[in-house]
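Modelling step: build the complete structure from the supplied sequences, incorporating the hints.
Number of protein chains: 6
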Amino acid sequence: MLEQVISNKDRAGILVQALPYIQEFNKKTIVVKYGGNAMLNEELKQAVIEDVILMSCVGIRTVLVHGGGPEIEAMLKKTGKESRFINGLRHTDQETMDIVQMVLCGKVNKDIVALIQKNGGRAIGLCGIDGGIFKALRLKNAEDLGLVGEIDSVDVSIIDPILDSKIIPVISSVAYGIDEDEGKSLNINADIAAAKIAAALGAEKLVLMTDVCGILRDINDENSLIKSVSRRQLDDLKKEGIITKGMIPKTACCEIAIDSGVKKAHIIDGRLPHAILIELFTDEGIATMINRD
Amino acid sequence: MLEQVISNKDRAGILVQALPYIQEFNKKTIVVKYGGNAMLNEELKQAVIEDVILMSCVGIRTVLVHGGGPEIEAMLKKTGKESRFINGLRHTDQETMDIVQMVLCGKVNKDIVALIQKNGGRAIGLCGIDGGIFKALRLKNAEDLGLVGEIDSVDVSIIDPILDSKIIPVISSVAYGIDEDEGKSLNINADIAAAKIAAALGAEKLVLMTDVCGILRDINDENSLIKSVSRRQLDDLKKEGIITKGMIPKTACCEIAIDSGVKKAHIIDGRLPHAILIELFTDEGIATMINRD
Amino acid sequence: MLEQVISNKDRAGILVQALPYIQEFNKKTIVVKYGGNAMLNEELKQAVIEDVILMSCVGIRTVLVHGGGPEIEAMLKKTGKESRFINGLRHTDQETMDIVQMVLCGKVNKDIVALIQKNGGRAIGLCGIDGGIFKALRLKNAEDLGLVGEIDSVDVSIIDPILDSKIIPVISSVAYGIDEDEGKSLNINADIAAAKIAAALGAEKLVLMTDVCGILRDINDENSLIKSVSRRQLDDLKKEGIITKGMIPKTACCEIAIDSGVKKAHIIDGRLPHAILIELFTDEGIATMINRD
Amino acid sequence: MLEQVISNKDRAGILVQALPYIQEFNKKTIVVKYGGNAMLNEELKQAVIEDVILMSCVGIRTVLVHGGGPEIEAMLKKTGKESRFINGLRHTDQETMDIVQMVLCGKVNKDIVALIQKNGGRAIGLCGIDGGIFKALRLKNAEDLGLVGEIDSVDVSIIDPILDSKIIPVISSVAYGIDEDEGKSLNINADIAAAKIAAALGAEKLVLMTDVCGILRDINDENSLIKSVSRRQLDDLKKEGIITKGMIPKTACCEIAIDSGVKKAHIIDGRLPHAILIELFTDEGIATMINRD
Amino acid sequence: MLEQVISNKDRAGILVQALPYIQEFNKKTIVVKYGGNAMLNEELKQAVIEDVILMSCVGIRTVLVHGGGPEIEAMLKKTGKESRFINGLRHTDQETMDIVQMVLCGKVNKDIVALIQKNGGRAIGLCGIDGGIFKALRLKNAEDLGLVGEIDSVDVSIIDPILDSKIIPVISSVAYGIDEDEGKSLNINADIAAAKIAAALGAEKLVLMTDVCGILRDINDENSLIKSVSRRQLDDLKKEGIITKGMIPKTACCEIAIDSGVKKAHIIDGRLPHAILIELFTDEGIATMINRD
Amino acid sequence: MLEQVISNKDRAGILVQALPYIQEFNKKTIVVKYGGNAMLNEELKQAVIEDVILMSCVGIRTVLVHGGGPEIEAMLKKTGKESRFINGLRHTDQETMDIVQMVLCGKVNKDIVALIQKNGGRAIGLCGIDGGIFKALRLKNAEDLGLVGEIDSVDVSIIDPILDSKIIPVISSVAYGIDEDEGKSLNINADIAAAKIAAALGAEKLVLMTDVCGILRDINDENSLIKSVSRRQLDDLKKEGIITKGMIPKTACCEIAIDSGVKKAHIIDGRLPHAILIELFTDEGIATMINRD
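Which chain is which? The protein sequence lines are A, B, C, D, E and F, in order. Residue numbers for the first sequence follow this note's numbering, beginning at 201 and rising by one. Residue numbers for the second sequence follow this note's numbering, beginning at 201 and rising by one. Residue numbers for the third sequence follow this note's numbering, beginning at 201 and rising by one. Residue numbers for the fourth sequence follow this note's numbering, beginning at 201 and rising by one. Residue numbers for the fifth sequence follow this note's numbering, beginning at 201 and rising by one. Residue numbers for the sixth sequence follow this note's numbering, beginning at 201 and rising by one.
Any given hint might turn out to be false.
Note that the list lumps identical chains together, so a pair holds whenever it fits in one copy or between two copies.
Stated by the list, open to error - Using 27 Å as the maximum straight-line C-alpha spacing, the simulated DSSO-like pairs for lysine-lysine come out as follows:
| no. | residue 1 | residue 2 |
| --- | --- | --- |
| 1 | K464 | K209 |
| 2 | K318 | K209 |
| 3 | K318 | K340 |
| 4 | K340 | K427 |
| 5 | K228 | K318 |
| 6 | K227 | K318 |
No lab work stands behind these hints: they were computed from the structure.
Right, here's the structure in full:
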């Protein structure tokens, strides 16, 4: 499995190097938004699962939040559901929402739970409906997108005892609708769900898995990775055009988390196996870390 | 809502009549297998939800176990999945199992949870995969039915703290496969799942919702309902041909529960609104109750 | 027992109608001042006992406070104790106080406890001396009434664990004297004792049992019952002469409770069987409820 | 207060001599049957109260059980109640029982509680009815004595948390009747009540306060006090005629306690001030101690 | 052992006189600085040990802090270590510090623990290094005294659970060095260590054992003992020249404690056997007590 | 620090390889006997400290037991103490025992505690006297060796809460003498102390650090290391002359531990840095592991 022959002394050295990080994060909460390629590729998936189990093992209160765009796509196609698009955004009608809920809460979620348990961890699969974790109002847009919600409140009272029992909660981005949508399911953005739950849990870190290296000063040069940036510097980076396109909503999520008290947010490259572990437990990080100031 | 005008005194009288039952069942565990018409008809569904919330409110540790045949059927049809039948039994291949899991864990389960919360209760939706509640081996039959399991072990360690918090666990009949099916999902019988979890929780009662009145001495005469029968008398009733056909697996479930320590099992008629409440909280039961001896 | 033949469906409906109230009052504290006819008539007494047991059963932290004028009267007569009256008020000398204490703490109190246990509940009988629940100073009046006290402090530290154990504390209106009456027993007003203990427990409700319907707009017309009134409106009702005579001290008690944080106070008609239950658990109340504003 | 001028060094010496006893009895339960002259004489009463408060202070789980013959006598006389005697034993009819209950639970009990609190201790007054501490059947004798009971069961579940809170439970010898006397109060023997509660609490010691020195080898010579005797030797002492008359039921109580697991029983002379303290905390005991063997 | 023959009644009287003090100090924390002659004389040592065990027994959270000058002296001499003096103060080089640490933490400390256990108490011996109880910076003086520290922070998180378990912590005056002395041991003043730990524990009292009577108005007249003085009056006493020489650092310690919230500080004469007990548990104190105001 | 340049992927791989061991040992107790070269060499010492902190961090209840022969030797020499030898064994007179206690409990013990805290861990230094952890009788030999004890009882009641708080107890091999040596300190064998405390704690593992590779089949060939052997096979190895000399008492210790319920005992080579970590957390062990069977 290892690429090199590594001496016992070096093996021990690597474990010892991880020690200060293990000490630092002990009993702290880290919320991982799991997504992108790392959900599709089997080897990457296995590595993510190993990472979160290790985190849980060394005493980190670990929460996994996930969406599941591609699997929803596939199921919609399979059922022959035609989608209506409004300004390029899919309209989520009741039938679509049913598919979203089934795929996220019934398939993706439980498969992750099964994989964690297959690897020796313990997990429970939940969604925002359970215990009213996420209550949402319908997203108010110019154009009505249907059953799409924005989170109104987060209730982590059922998550805390799960974390106390050293079980990993795996949470789907489906919310319980309130007000005029009382009792309905609403589709919510998984990145924001992760940021909001990190905030509600007073998390130490939010880790967003993406399919890019992090924030690059020069988008064409992976060596230009910005390893550490303060919350305040993000605005400059936007003005300078360094944070653009898909990176904008990712950093927006990090801002939500940090502005609500989360200490650090990491935008990591989910295409690298064990990216979480390397970012958290080794001296040289491999992602962009956003600090409070 | 009430059919008659009922005096305040009579209202109070009915509450007071319920008192000894409330006292008796306080802090006891009752597992309800929810199924049949009561899952399809909106009025019946509402009544079941009200019943379990009331049970939870008066201090009964209430667990809901459900399957969902008709909704699986509908989804299979929708996705155009052709089923292979073996001796009249559907073969559950991986694709079918994925649909089963999605519908049960993602749709039926979460919809029940949402409905409980809409009515003021608190619930968490789980399946046998979560925390390894149900571990199953593949069912060994003459003919291979595919991903169909029989329960090997039940782990209620995550359910107990949920019940302690007065939250209603709602559990789908999907199991975590072990041995040669390690990590796979297996389809299990919901009645047996309910019986097994009742046993593991040391439940006071197992309540099986069916679409019949209970055990009838004369199948054509609803007035011939056997209201109470001992575990030992069941064999005689089978020999006498009184327990036949669909009632055989139902009573078999009750036997499993009672032989594992559950005090009483009730076969109730889910077609009557509030059948659970009437059976549990009024002097005249309306179902068949099976006692330990 | 019921006056009408009531269908099972209606029975269930009545239980379900009680559900939102049961949910609302769960783990809340309700203090009932028990007195008047409901203490003398055996049928009414039985109904009150059933009501408080039911309250306790559905998770209400239920406290019963009682006085016992008629029984004291009878015992004084029996022992041939001549009373001295001052401006129409009885002077409580040491000998009278001994009788008061014996009757309230030794007879009325323990008989209520026995009756609760006979009906399947659990209760403990206490008075203000026990654990220093009520400490009182001698009432300073123009005329000295003897060993009559006004409550100086309330200590509920021994009541909270009793309520946590789901046991009903039954408390007599006798206080522990302090300052110049250190260690002596003092007679206190039971209505005020109930109001003060409700305040000290942060109760949801104070329920005062009386021998009238509640506050009537027209004292001769029971249909003129004021079902709900705010704390602020009471003054107007007094000015208008609607609250008069015996109702004045009753509403004064309610004001004490509400001004100290109790959410609602109910003046109910103890002459109706199950008045407490009907007021608390049905849609149509039958008493006067005083709200905070 | 002290009879002699005692040097500080000697004062300290006396405290230090008490140390091993304090250590030995820490967290142990000691049940004191309070009765006789020590209940009538004010100075003795004060000394008993100081003793039990000191016991409680140094960590002894202290329980006080009392009867109250003379005060009952006085009240019966006061109310002009004529007693019927059967073979010299008073018949306890309902009216008499009411007086017994009032005097014991309402007067004697609460006065002891008040006195403990006046001296800086904390106490709660209970009787056998509260929480069903003593359940009793009617005593079956040749001649019916009326509402006189013998203890059928003891439930200390409400006493343990009181002791955990370092509060002194003071318990009257009135029981809750069961079976044909369900719900009625029954008069029980206070010595036996103390012995039974000591057994139920797994007490270290039962201390019976009497009006004699203890067991005297020569009833006319106080110097013949038997300071220590084993359970087995009691029979010999009875045969030898050393244990006679009033000492017979006292030793019988001790036997009940010891045979049910209480380690030691002490028959002490309540006429000496601080007899309990001297017996428990000084090297030279002043009473008869009965050991298990 | 006692100097006089003392009657049982007087023995009991002395115990009862101690009662209000026992009640007052129950669950309070008292820190005793143990030192001087009371550490050298075997009879005095035994008396101190008995005093602290008795304190612990009656529910006082008792902490013992000690230094050990004479024993360090002896060991330095034994090892032939020549000391360098700076302005009359010994320079603590590493070799000297090693001896200090060995003697205090290894000998004096563990011998006290052994003696407590020999007398039936329970104790744990700790020093400022354990759990980082005392963190110290090197004392900044004109002249460098070597490894001598002043306390920078006190962490009592490991002491609280020990006290909760009714075990006596015995603490040596050796600190864990921080900053430039990170990880080194530093010698600290035991009186100040006691004052600081009393402050950190929110103690009721600091008791400093000395070899003098307390503060004397006339240093040559033991009858001029000032039994009680307020924190504010100390300044006057210093100006008046009543507090001089060795008493200055002792009162300074008391000031530290009282200014940090300790209620009272006692300067007691360790040459009197049981001085602690007499000061704490009898009406006439024998030391100087400094009050907050 | 690492000998090679190791890729991030391999670093992660090594952490992941440790995962199953971390999972396996979570909340298990491992007792490490620290001794030999690993106590003398600074680099080895640092590595041991890092190992035990890492163990503690990943949830292992880690206990360190130590002796300290060489440092005792040095101190005896320094104080000029002449030793008397009996059959080649040193006689431990009181003066020698004082030195032993000072060096072990005051110097070696506290230095280890300081080093753990310097590296970010939390530790408390104790010896067998504290809380009576080790009670010992004088070793009965043909020749009297003086104050040398053999362990009579082990009391871990003060160690359990320390482990619960994730603090590392560091324990010196000095015992509290009982019977004729009541209250004296006795010198005990540190290996046996470790074995006995492992047994008393129900430890998963005892790890004995030695200055050899483990059990070698050929004492001259390090490649002949026996990596795993059952308790039963040890006798054969002794008969075959493979276990000889210094290895005999080491294996005897392991036998004590295993026969008292410890699952596994490891004889590891303390001369290799991080030997503990490599033995516990990597696939290839580097020591001799003794299994229960």
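- prompt: Of the numbered hints stated previously, which ones are contradicted by the structure, given in increasing order?
  reply: Of the numbered hints, just 4 does not hold.
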